[in-house]
Amino acid sequence: MRVRYFAWLRSRLNRAEEDVAVPAGVTTLNGLLDHLITLSPGHAAVFADRTILRAAINQVFADLDSAFTPTDEVAFFPPVTGG
Amino acid sequence: MSGSIASRVQAEPFEPGAELARFTKAAPGAGAIVSFTGLVRGEDHAGRALTAMTLEHYPGMTEAQVHAMTEEAARRWSLLSVLVIHRFGRLEAGAPIVFVATASPHRRAAFEAADFLMDWLKTKAPFWKLEEGAEGAEWVAAKAEDDQAAARWR
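Residue numbers (the numbering used here), protein chains in the order written: chain C, 839 to 921; chain Y, 51 to 204.
Because the hints were derived from the structure by calculation, they are not lab data. Incorrect hints may have been included.
What the hints assert, rightly or not - Computed footprint of chain C on chain Y, listed as stretches where at least three residues anywhere in the stretch have a Cβ under 8 angstroms from a Cβ of chain C:
| id | segment |
| --- | --- |
| 1 | 126–137 |
| 2 | 158–164 |
What the hints assert, rightly or not - One-sided and incomplete, this derived list gives chain Y residues near chain C with beta-carbon spacing under 7 angstroms:
| id | residue |
| --- | --- |
| 3 | Val84 |
| 4 | Arg140 |
| 5 | Leu141 |
| 6 | Met168 |
| 7 | Leu171 |
| 8 | Ala187 |
| 9 | Trp189 |
| 10 | Ala192 |
| 11 | Ala194 |
Nothing here was measured: the structure is a model prediction, and the numbers come from that model. Using N, Cα and C, we set each Cβ at its ideal position, and we do this for glycine too.
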């Protein structure tokens with residue numbers, strides 16, 4: 839599935855999105871993060887502190903314990919700083 | 051609500067005075083109009099000189115979130131019209147970033163709705179600020195006080 843990144847997650851991972859093969863049994867964003875941290879040391883560092891991570895499923899804010907399906911658009915980003 | 055709800059998320063600069071004049075002309079019967087303009091400050095969070103700021107956003111989600119906020123404001127207060135403009139991309143110090151205008155029969159609703167919209171724009175619209183100064187670029191950290199301000203509107 840396609841996973842999107844914004845702000846310092848994007849710049850530190852050096853990519854705005856990537857295709858991720860979601861392992862069987864992974865159904866929640868926390869489960870997806872458990873997989874993402876295994877992809878590279880860079881991923882492990884960026885996703886180490888989940889308290890500073892925010893997420894969206896299909897462009898709607900979602901808690902990390904939310905369930906997703908492989909056809910969803912999932913994005914991870916830091917807390918927003920607009921306005 | 052008889053007026054219009056409008057929101058724009060754009061890279062192009064805007065002129066707050068011209069926006070307010072247009073908004074006022076399009077809100078006949080209003081007894082009160084409140085507007086807020088947010089500008090790029092000339093210094094960063096640590097007080098160092100800031101040359102510019104780049105606002106990253108989540109195309110699609112941003113527009114939907116901002117539009118939903120204007121509808122929420124119109125649901126909570128008696129408003130004749132609402133306008134929100136938020137820029138993204140690279141902005142020089144002094145440039146307007148955000149503009150909120152609310153029109154209502156009486157002032158309290160217009161003040162409160164504009165305050166509410168700014169608090170929600172700070173905490174519920176997917177924008178991220180990257181500050182550029184002499185020492186390089188740095189992502190702005192979210193402020194707990196912005197979350198506390200937004201929590202007032204539950």
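Here is how each hint holds up against the structure:
no.: 1; hint: 126–137; verdict: violated (count 1)
no.: 2; hint: 158–164; verdict: violated (count 0)
no.: 3; hint: Val84; verdict: violated (16 angstroms)
no.: 4; hint: Arg140; verdict: violated (15 angstroms)
no.: 5; hint: Leu141; verdict: violated (12 angstroms)
no.: 6; hint: Met168; verdict: holds (6 angstroms)
no.: 7; hint: Leu171; verdict: holds (4 angstroms)
no.: 8; hint: Ala187; verdict: violated (9 angstroms)
no.: 9; hint: Trp189; verdict: holds (5 angstroms)
no.: 10; hint: Ala192; verdict: holds (4 angstroms)
no.: 11; hint: Ala194; verdict: violated (10 angstroms)
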